[in-house]
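Chains as they are written, first to last, in the working numbering: chain A, 241 to 554; chain B, 73 to 428.
Keep in mind that the hints were calculated from the coordinates and are not lab data.
You may find that some hints are simply not true.
[As the list claims (entries may be wrong)] Covered by chain A, per the in silico footprint, the following chain B stretches (three or more residues, Cβ under 8 Å): (1) 248-261; (2) 274-286; (3) 419-427.
Glycine is no exception: its CB is placed at the ideal position from the N, C-alpha and C atoms.
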Amino acid sequence: MDLSAISPTLLLASLMVAATPILLAALGELIVEKSGVLNLGVEGMMITGAICGFAIAVETGSPVVGFIAAAAGGAVLSLIFGFLTQYLLSNQVATGLALTLFGLGLSSLMGQSYVGIRPPAIEKLNLGPLADIPLLGPVLFNHDLMVYLTLALCVGIWATLKFTRAGLILRAVGENHDAAHALGYKVVKVRLLAIMFGGACAGLGGAYLSLIRVPQWTEGMTAGAGWIALAIVVFASWRPLRVLLGAYLFGGVTVLQLNLQAAGLAIPVEYLSMSPYLITIVVLVIMSAPRKGGKSRASLAAPACLGRAFHASQ
Amino acid sequence: MKRRTILAGAVAALALTTTAFAEDKTKVGFVYVGPVGDGGWTTEHNNGRLAVEEHFGDKVETIFQEKVPEGADAERVLTQMALSGADLIFTTSFGYMDPTLNVAKKFPDVKFAHATGFKRSDNVATYSARFYEGRAVIGHIAGNMTKTNKVGYIASFPIPEVIRGINSAYIHAKKVNPDVEFNVVWIFTWEDAAKEADAAQALIDQGVDVLMQHTDTTAPMLRAEASGVHAFGQASDMKVAGPTAQLTSIIDDWAPYYIAQTQAVMDGTWQSTDTWDGIKEGMVDFAEFSDAIPQDVRDEANKMIEDIKSGAYKPFTGPLKKQDGSDWLAEGETADDGTLAGMNFYVEGLTGDIPN
Numbered sequence: 241m242d243l244s245a246i247s248p249t250l251l252l253a254s255l256m257v258a259a260t261p262i263l264l265a266a267l268g269e270l271i272v273e274k275s276g277v278l279n280l281g282v283e284g285m286m287i288t289g290a291i292c293g294f295a296i297a298v299e300t301g302s303p304v305v306g307f308i309a310a311a312a313g314g315a316v317l318s319l320i321f322g323f324l325t326q327y328l329l330s331n332q333v334a335t336g337l338a339l340t341l342f343g344l345g346l347s348s349l350m351g352q353s354y355v356g357i358r359p360p361a362i363e364k365l366n367l368g369p370l371a372d373i374p375l376l377g378p379v380l381f382n383h384d385l386m387v388y389l390t391l392a393l394c395v396g397i398w399a400t401l402k403f404t405r406a407g408l409i410l411r412a413v414g415e416n417h418d419a420a421h422a423l424g425y426k427v428v429k430v431r432l433l434a435i436m437f438g439g440a441c442a443g444l445g446g447a448y449l450s451l452i453r454v455p456q457w458t459e460g461m462t463a464g465a466g467w468i469a470l471a472i473v474v475f476a477s478w479r480p481l482r483v484l485l486g487a488y489l490f491g492g493v494t495v496l497q498l499n500l501q502a503a504g505l506a507i508p509v510e511y512l513s514m515s516p517y518l519i520t521i522v523v524l525v526i527m528s529a530p531r532k533g534g535k536s537r538a539s540l541a542a543p544a545c546l547g548r549a550f551h552a553s554q
Numbered sequence: 073m074k075r076r077t078i079l080a081g082a083v084a085a086l087a088l089t090t091t092a093f094a095e096d097k098t099k100v101g102f103v104y105v106g107p108v109g110d111g112g113w114t115t116e117h118n119n120g121r122l123a124v125e126e127h128f129g130d131k132v133e134t135i136f137q138e139k140v141p142e143g144a145d146a147e148r149v150l151t152q153m154a155l156s157g158a159d160l161i162f163t164t165s166f167g168y169m170d171p172t173l174n175v176a177k178k179f180p181d182v183k184f185a186h187a188t189g190f191k192r193s194d195n196v197a198t199y200s201a202r203f204y205e206g207r208a209v210i211g212h213i214a215g216n217m218t219k220t221n222k223v224g225y226i227a228s229f230p231i232p233e234v235i236r237g238i239n240s241a242y243i244h245a246k247k248v249n250p251d252v253e254f255n256v257v258w259i260f261t262w263e264d265a266a267k268e269a270d271a272a273q274a275l276i277d278q279g280v281d282v283l284m285q286h287t288d289t290t291a292p293m294l295r296a297e298a299s300g301v302h303a304f305g306q307a308s309d310m311k312v313a314g315p316t317a318q319l320t321s322i323i324d325d326w327a328p329y330y331i332a333q334t335q336a337v338m339d340g341t342w343q344s345t346d347t348w349d350g351i352k353e354g355m356v357d358f359a360e361f362s363d364a365i366p367q368d369v370r371d372e373a374n375k376m377i378e379d380i381k382s383g384a385y386k387p388f389t390g391p392l393k394k395q396d397g398s399d400w401l402a403e404g405e406t407a408d409d410g411t412l413a414g415m416n417f418y419v420e421g422l423t424g425d426i427p428n
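Same shape as in the complex, but just chain B (with noise of 0.2 Å):
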């Protein structure tokens, strides 16, 4: 009896010290689909982790789980997260988006942000880059390497975010090489480093001599540092995987994201909002462009970053035909947000069906 009220007494005063020292600090839980060291997505989102500490230094306490399955696993450790006293809790995964939903409800003092994602409520925000811009760019640029004129393409759901990004690489491809072919080899995994290896191995046995990922892991570009071919990284500089391989990569940096949000719910400004930023706004960025990539296609991949940036070139514009070959975009029209979110179709030249 005695023990147990001791017990009792130890565990009250542990709560104590814990919500008082919680009062100081803005706690900022991150949940993540990889692990932190997968070198592409997931690093990235903890790189904008450790920018919000650095930022916020002691005013705030951040926390993180990594390889959180989408689905009931998620909701689990949401619930987990915003029990032990979260204030913001970022998701970073697309299939986290209805765990995040119903969580949100349960905890309407929590806020919320789920990447990638469409459904948004009081407390839950929508963040996501404009990745689509950043696969314009590699597009032509693959377009311009290509020597067997096939581009593989490791592509993980069928998801309009992915969906995007292939019609955009593919389209700038196309521009300057109108024989080139794109191989889509669907995994159906994020994160996998034997199946996106394998994946890419097919690809190149196949005759792709470039390659893009839409993975988390840097195994594909392992895989063709290892077979001689080129490669686009992914949501991080991939430089060390294939130093020679790496045309460049796609870079997200969510950092700017991470520290607005936190000030935000540190003001108790925050609002649930949706945030769809790209190159302008420095959320897309590249990594270094190879010394592989000849001067005059390094000198037009800039010209386009620097318009895009500016406004006055838009990846999605007409004319463009769907892939059944109807009508799309008339010449000069560019694509509305909303078609862009909601993207389940290819364009007019891509083979292959979209899976469901």
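Just chain A, same shape as in the assembly (with noise of 0.2 Å):
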């Protein structure tokens, strides 16, 4: 065993990247859940993101490109569920889990001819003087694009939803519908809205993962991806900031359990291949666990209308 081989700088720089595709996914499905609408379907937008952004690039040759169309993609597939659930008032958890078994399909037909094929390469964002502070430089400076705007986002939503009118809203659509249409607010307008800003995050998440993270298109790559992002919303109680520290600490387990391994440390690879899941698994547990006056964290946190059908009638 030689653990000194386990660089921290770079270890931390790898949970960054590792982190990236479920952080964006997770955001974006924060909002959708925030709005009251609960959308199984982050996988299937993921993997439809991955290819799209994918073949945009490669076509266009220009990585920017291709995020957005990646983003576009997502969007677009979101709009179906969200055409189900608003206007026809189809049971959301069923049409996410559709959602997701469609995505995965088109992608792989998406994807036929893009097999084997590299991506424009990303180059990292120089960042002058900054990526050469010891310690702080290789960990913080030293990324491409997209972990930044990632991590902005994550602020941006913060504030957003704590600080502006447009967050009340749709906040106030996600707690009580019928009080916000009362109030004369577009409950499904908003939703929909919602629905399409966390399909694109999460196109944008899973063309992170194969425009940059490994980068080339396979089938099914995102691999569960989309299911983390699902259980790390509920994981940090639908706040934006502890969504940032479940797909880091969740990113960091996978990233430290490779690393451990490559360091031949004794602890049976078992274990730490199967740890990110189980304390997954242990913190929605706690969440679920029921508290004084006999409900859990997890049903205080959560939107009160989470999953619930709206129509103006009713």
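Since each chain comes alone in its own frame, lean on the hints to assemble the complex.
Below is the structure:
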């Protein structure tokens, strides 16, 4: 065993990269759920974003256009969910699951001619002297643009939900859609916008995988990241900054277990491999355990109208 | 009532035409663990399938199913294939072993061939390639090429086939470079691009400058290319993914085996056999050696390939000890196939434990 082989700075740096796709998807889902909609189709929207972004980046040669296409692809797919659940009032859980299955199939169809191709390379952002700061430099200032945009998005969502009128309306719609409707807010419109935002974020997360982290296209490459993102939203009790924490924790354990193995640590690999999922389950159990008054943390923190269909006639 | 009769008639007619159609052709099914475009393991099996089609033309019809999970799902897919009239089915991953045997029991007239497994029955044959012969050659190259004396190895599942590869590569790297260290990372999947990429990155971060993989996608090769280290491709030529990173690839060529098996089924001479072919038979081959490999190393590697081909050299030749220091092979002694097939120990010098 040679733990000195693990460089903490490189570990933290790769943690940030590993966490970015789930962070993006989880932030999107947070907004969706804050508006009172439960979209279980994150995995499907991520993988669709991954192939849309990859295909367009390859065709145009521009990763930036690729990311825009990924966001658009995810948003368009989420609109199917939005139409079904908001206008036809279909069951959100069933529709979300169907969206995941549809996204997985659609993406492998779209990706047929893109296997084995390398996408245009994305340079790391050159932050000049900042990157040379000992310790902090390699950890914080040696990444691609998407990592910083994701962090900015996280803070932006926090500020929007807490300080702005738009954030207040979104929360009102999620907490009590009847009251929001009585006040004259367009519940369905707000929710559709939130669903599209969620789809766009999930798409970006998928494209981060296929364009930067791997970078290549393989079928089913998200490999369950969308489900982790869903769990992280609950884990974070619907708070953006805790979503950041959850994503980094998950990304951190994933990267750490690979590094510990590479360094030859004698902990059985099985435990290391399952540890990220185990931690997620433990936190979800704690969140769901009833507290005084018979309600769990999760049900107290969750938007009150989460998963409930709304129609103006009701 | 009327509509139902018409429907039933149509179904019967359809069934008739398909049986008549199927009688002329031998139907060969393939079950893949990954997508045909993984650029590695499954791509090569699919190339074998295409070779069968090309060889037999109209006399054969092939069907395949990609991304079949190892386990209960495989049984469903195999049953479906057998019901659809397949005469011969190739199951191309270790995890299909028990599902293959279970389904084979139900369809005694259908022939099955399972890759890399060790359980046979009257209508289940097994086949595998001596990948470890290829690993010996790339181990030799790796030992010469590493400057940090650290070779990274991305391993899938702790099964004999994978352990054999690690041992073989290590023995031959150690022979030319006594200071060499192998860092093995087990990721417990054959095919998960993100995980393979993360594992490669973790190894590179820890100073590994030559990567080997026993997983199916090109993700590790892409990471090696991005980080400026060298890597060996697995199962298929991965030069597209790593034009400068790739030193060479071990290529699995299944086409001759698939063609021979299909021919045997056509002739009615098919028998349950155990095939384990290597460099000599052409089942294990190499991609072009990179220019980055010095000429003398290249010559030595070519010499080793020739010697393995002629039978003059066997990769597991004593003196060799097991990891715990106990004797395994005496001077000049070679390992028999039975030991190799069930190998579940590291050789002396490798660090870390094999997970259960």
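Verification of the hints:
Residue count for the stretch 248-261 of chain B with a Cβ under 8 Å from a Cβ of chain A: 6. That meets the three needed, and the coverage hint holds. Remark: the stretch 274-286 of chain B is confirmed as covered by chain A, as 6 of its residues place a Cβ nearer than 8 Å to a Cβ of that chain, reaching the required three. Counting residues of the stretch 419-427 of chain B whose CB lies closer than 8 Å to any CB of chain A gives 4, which reaches the minimum of 3, so the coverage claim holds.
Violation of the numbered hints given earlier is absent; every hint is satisfied by the structure.
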